[in-house]
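Trainee: Below, each chain spelled out in residue letters.
Number of protein chains: 4
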Amino acid sequence: MLVFESDYTEGASPEILQHLVETNKETLVSYGLDKYSSSAKEKIKKACGKPSAEVFLLTGGTQTNQIVIDTVLAPYEGVISADTGHVNAHEAGAIEFTGHKVLTVPHENGKIMSSALTKYLETYYADETHEHIVRPGMVYISHPTEYGTLYTKDELYSIANICRKYDIPLYLDGARLGYGLMSRGTDVTLEVIADACDVFYIGGTKVGALCGEAVVFTHANAPRHFFSSIKQHGALLAKGRLVGVQFDAMFTDDLYFRLGAHAIKMADKVREILREKGYRFYIETVTNQIFVELTPEEYKKVTENVKVGFWERTAAGNTVVRFATSWSTREENVEALRVVL
Amino acid sequence: MLVFESDYTEGASPEILQHLVETNKETLVSYGLDKYSSSAKEKIKKACGKPSAEVFLLTGGTQTNQIVIDTVLAPYEGVISADTGHVNAHEAGAIEFTGHKVLTVPHENGKIMSSALTKYLETYYADETHEHIVRPGMVYISHPTEYGTLYTKDELYSIANICRKYDIPLYLDGARLGYGLMSRGTDVTLEVIADACDVFYIGGTKVGALCGEAVVFTHANAPRHFFSSIKQHGALLAKGRLVGVQFDAMFTDDLYFRLGAHAIKMADKVREILREKGYRFYIETVTNQIFVELTPEEYKKVTENVKVGFWERTAAGNTVVRFATSWSTREENVEALRVVL
Amino acid sequence: MLVFESDYTEGASPEILQHLVETNKETLVSYGLDKYSSSAKEKIKKACGKPSAEVFLLTGGTQTNQIVIDTVLAPYEGVISADTGHVNAHEAGAIEFTGHKVLTVPHENGKIMSSALTKYLETYYADETHEHIVRPGMVYISHPTEYGTLYTKDELYSIANICRKYDIPLYLDGARLGYGLMSRGTDVTLEVIADACDVFYIGGTKVGALCGEAVVFTHANAPRHFFSSIKQHGALLAKGRLVGVQFDAMFTDDLYFRLGAHAIKMADKVREILREKGYRFYIETVTNQIFVELTPEEYKKVTENVKVGFWERTAAGNTVVRFATSWSTREENVEALRVVL
Amino acid sequence: MLVFESDYTEGASPEILQHLVETNKETLVSYGLDKYSSSAKEKIKKACGKPSAEVFLLTGGTQTNQIVIDTVLAPYEGVISADTGHVNAHEAGAIEFTGHKVLTVPHENGKIMSSALTKYLETYYADETHEHIVRPGMVYISHPTEYGTLYTKDELYSIANICRKYDIPLYLDGARLGYGLMSRGTDVTLEVIADACDVFYIGGTKVGALCGEAVVFTHANAPRHFFSSIKQHGALLAKGRLVGVQFDAMFTDDLYFRLGAHAIKMADKVREILREKGYRFYIETVTNQIFVELTPEEYKKVTENVKVGFWERTAAGNTVVRFATSWSTREENVEALRVVL
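Protein chains in written order, with the numbering used here: chain A, 1 to 341; chain B, 1 to 341; chain C, 1 to 341; chain D, 1 to 341.
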C-alpha cells in the first residue's frame, strides 16, 4: 500500500532526531527556558527579519490556534475566518471552548478575499445594533489554506491593510508553512509574512518535527503574561527542550526550507502523474496537498493501492480525496503511483 | 412620533402589574420557591397538556437561551441553528461564551427546513473524521422566527422526528410565542409545541411582562441540578416572585393568549395599511412583526413620522425596516399610520 | 409565624412600586437607554460625588459579581476574597464559571484585614515560580460582609492603598450597602466608598427593590464594550426600564438611605431584645443581620415561633441562626419577638 | 554545579529514546491510533490488572489534570483537593479556566485525610442551602503528593470508600507515580491504585519520558467522546506515536519501575548524606523528593554548589528547598554532595 494520506505519518526528519539524540543527556532548565529553545527563537527571529519579534514554542496546531486566538482577542470578541478555515471546521470547537465565536466569511478556494472581508466589516459597523453582535477582533487565515492554496503577496497585504484600517490583528496559521514557502511561483516569503501579519505560527509537526509549532508575535506584541496563559491552557511542557531542540535543528542550515522543498518536488511529480492519467483536480494547488475528484470506480481503483485522505463527498456522488506529500516522501513511492493509478 | 419599533417599549400589561401590586406586601420565600411561582408553573403545565413537564422561570431571552443550551448540551457539543437564528446572530456570543459552537444551516424565511437539517446531520455522520468536528447535540428553532415567520405543525413534527432519529433534543425559542400562537391560520398550538419539542420557552418580556421567560422541559427531562446551574450562570433572582407573579397572571384567564391576539389584530391592520399604500413586504408574515423594504425616499418619509426598527441594508441600497405591534399597541396609533405613510 | 429569615421576602418599597406603576404606560427605548435609567445614573453619580463615574444597572447580586469580576480581570487573573466572601462560598461557582479562580485569605469577622492582604501579595511576588500561580488581579470585599460586619473608613483606605501599591482594582460588593451606610457608628459613607474603591455596586434587591443592582465604576474606568459584555453574559434586560425606574425612585429624596435606616432601627431593637433575653451573639454586628448561637433547646423554642435563617452548625452541636430585618420590617413584629423568645 | 533541582532536567531514558529512533521511519496512522500506542495501552492495562480499563495518552501533567477533571465533572461541579494540591496551587488556574472550582480541604503532609474529606462532604450535605454552593463532584489526590509523601494502602481505600459512599469518582494524579511505587516500605502498588481509583494517570514526563502521561479510566468509565474532548481542549497530537512509542518502551521489561527504583536508590543516599551532615528535614519523605529547611547561612553554602528547587520561605526566615533525584541521577553526583554540603 502506498501511503499519501497526510504529511504526519512519519516521525522526525533525521537531522531533527539527531539533534534530540545528541542533546538528550544534557541537563537543561525546564519550561522552555533552556538554551536550545533560546537559540531556536533567535534563529526564527533572524529568518523572519524581525529582531523585535517575540517567539513562543507550543506543541500542536489546534493548541496553538486556541491559545493565540484566546489571548489576542478580548473576551467579547470573535475571530473572522473563511468558512473552510481549520478553526471553524475541524478543531472540535476548540475556539468556542475558550468563549469566542468564529465569524465566517465565504471562502474562495480556501482563501478570504479582501472584498469579502471588507464587506463583513462594513456590514458589522453599519449595523446600528452591532453592540448586540460579536465584535470582530482578529482575522484568521491559513497559508497554505486547508485547500492547499496560497495567498499572493498582494492578497496578503491587501488583507493586512484592511486589518490595520479596522485596527484588528491579522493571524496566519502556518501549520504547513514550509510547504507554502517552497511552492513554485509564490512571492510570499517568511519575511513577507512576518511583515504583513501581527502574529503567525511556523508549523513543525507537519514539516518534519515530532511535534511543535513556533508562534511569532511580529512586533513585540505578545499578550501580557503569555507564559502564564500557556500554562493556564494546559500547554506548558515541563521539558520545553523537546520543541526547542527540534526548532533549533529546523532553523539550522535552512533545514525547514529544504524539508519543504523536497515535499513540493514530490508533489509536483504527483500532480504530473495524476494529470497524465487523466484525473480531475478538484482545485488547482501548487503546494504539497493535491485534491482530486474521483468517480466511484476511480475511487475503488485508487484506494485499492493508495491510502489517500478522505475529503468530502460531492453532490454528484463523487469523492474528493487528498494526496499529500511531505519531507519524508520517497521518490520511488511517487514513481510507483505511475503504475497503480 | 408613532412608535412601532419593537414589542418591548412599554411596561407590563395592566393585569400583570395589578397582580404585582396586590401581592407586593406578602412575605414569600425566595429564589422562586414561592406560591405564585408554583401556581404559575402548574398553570403552564396545564396549558401545555404536560403534567410531567418541569417549568423554570428565568428573566430574559438571551439568558434563557444561554442556560438551556449550555445545560442540555454536553460540553463538547454544539447547537444547530438557522444562520439567521437569534443565538447565532444577535446574542453577542452568549452561546460561545459558555463553550458551545453554533452550527448553522441556511435558513428559509428564517426557518430551518427539514431537508437542510437532514443534510447537515447526514453529512456530519458521513464524514469519517467527524470526531474532529463539533458534535451536533441539539436543534434550536425560534417560533415565530427572527423574520416573523411560523412553522406549520407538519414542519415542526418533521424536524422533531429528525431530532428523535438522531437522538438530539429539539429546543424552541418562544420569545414571541404568544404572538405566534395567535396568528391567523397557524395550526401550531401550545400543546403541539409541548409535544414536538423537548424543551421550549414561553416568552414573557415581549408579550406583556416586565421581564420573565418560562422554560418548559416537556417530559421530566430538566438537566440535573438545574437550580444550581441557574445560579452558576448568574441568573437566579433572590425575589423569584417577580417573575412568578407575572406568569401567574399571564396564565390566568388566558391573559397570555389575549395579549397575543390583540397584537395580531393590530398587526393585521398595519399589514393592510402598508399593502394599501403600496409598500413592498420584504417577507410575508402573519405575526406581529412586519418587514418592509424601503427605497431611500420611502425610508426618509416613513422615519420622519414613525419610529421603526432598522433591520438591514440591501445590496440594492434599500433599507429593510420592521414594524412591530404588541399587546400594548393602540388602535388609534395604527389608524394614524394611514395618514402619515 | 414571625419572619426574620432574610431581607428579600417582601416585594418593593411602596415608593418604588409607585414609580413603576406611574411610568408603566410610557413608551421608552429599550436596553437601559431610557430616560429613567439615565436619571437614576445621574442621581447615583451625584450621591457618590463622582461626576466621572460610569454607572450600569444589572439585575441581581451573583450576576453583578460575575460580570464585574470577569470583565475587570484579565483572563489569566483571579480575585482575592475573604474565605467567607460570597463569591467564594455561596455563588455556585459563578466566578469560576467565567474562568477565574477565587484566591482566598482568612477572614476576620468576615473582613479582609490589610495584614492578611499584604501577606498574600508579598508571598505571591516573593515566590520565584509565581508565573505558574494564578495572578491576583483584583480584591473583592463586601460591605456589610456576609457576617454583617462593617469596615471602618481607615480599614477601607488601608486596603485601597495596598491595591494601589500593587496596581490592582478594589471591588466592593454592596448587596446590603444601604444597611451598612445607615448603621450606627460607621464612618463609611457612600462618598468614602466611591473614593476608596475602583468599582462597587449599590444593592437594590435587598434594600427595597424587586430586583436590581447599580454598578459604579468610580473613575471612568468601565471595561471597554461593557454593554456587549453584559449581553454576552446573558444579563441585558430588553426592558432596562425595570431597573432604571426603581433606582430612579431609590435615589430620589434619599429613599435608599431612609429604607436602610428603618431596617437598622428595627435591628437595633431586635438586638436589644435578644440581649435582654440572654441569647449569645455569635458575632457582634451593627447592621441589619444578627447572628446568635442557639443550643438545641433554644433552637427548638425559637424556630417554633420565628422563621430565622440557618447559618451553620457549630462543633459544639449548637446552631447559628440569622435574624435579618429590612426596609419592610414592621415594628409590631419586632415587639412580638419579646413575647415569643 | 551539581543539579538536584527537579526530575525533568534531562531528556529521555536511553531505552525510550532508542525506541523513538527505531520506529522513526515507520509510516503510522495519526492521532494516537497507531500500533505503538495500542501496544502501550495494552501493556498498561495488563500492568494495572484491569482488562476493562480505558487508557488515553496525553502530553503533560497540567493538561491531563485539566482534561480529566473537566470531562469527568458535570459543568456545575467542583473538585475536592488538598489545599496544597497541584491543581489548586501551581497550575495557573487551568482548572478554573474550564469552569470548575477547586474545593480545598486542609492537607496533612500534602495528603487528604479521610476525616477531613468526610467532614467536608458531611458539612456540604448538612447545609440546607447547599444548592447555592459548588457541588463536590470528584476527589483529587496526588501520589506521591506535592510534598513527596505517600498514601498507605489503607488510607487510599479509606478515601475510595468515602468517594463510593457519596458516589463521586476518585482521581489520582500520578505525575511521579513511578517514584512512589518504588519507594521503600510502601504497600501501594499499581494494581492497588487501579482498584481504588476511578481514574488516575501514570506520569511519563517526570519518570524518564520526553513528554507524555497515560490516563487510565479503570473500569470502562471514560467520558463519552473523550477523543473529541481531547481535541477540543487543544491536546490532540497529530503524531500521537510520540507518546505511544515512549509508553510502549516504558512498559516493556518493567522499564518504568526500574527507572523509578533508581531514583529512589539515589534519593535514599541523598537523605543519608543530608542526615549525616545535620540538615533538618522539613518533612519526612521516602520518595525522590527531599525537603530541607535551611538557615540563611546554610542556604548560601548549599546553593553555591548545588542547584536545588526553591520551595518556600518560612516565617522564621529560613528557606525550604527541594532536592530531587530522578531516573537520570548519577551516583557520582550524589557522592559529590558529601563533599560540598
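Careful, some of the hints might be misleading.
You can't tell identical chains apart in this list, so a pair holds if it fits in one copy or across any two.
What the hints assert, rightly or not - Taking lysine-lysine pairs in the DSS-like style, the calculated list, with each CA pair at most 27 Å apart, reads:
#1 269 with 46
#2 35 with 50
#3 35 with 300
Worth flagging that the hints you see were computed from the coordinates, not collected in a lab.
Computed from a predicted model, the values in this text were never measured in an experiment.
Trainee: Each hint needs a verdict: does it hold in this structure or not?
Mentor: Evaluated hints:
{"no.": "1", "hint": "269 with 46", "verdict": "neither (32 Å within a copy, 47 Å between copies)"}
{"no.": "2", "hint": "35 with 50", "verdict": "within (20 Å within a copy, 42 Å between copies)"}
{"no.": "3", "hint": "35 with 300", "verdict": "between (51 Å within a copy, 26 Å between copies)"}
Hint compliance for this structure: hint 1 is the single one not met.
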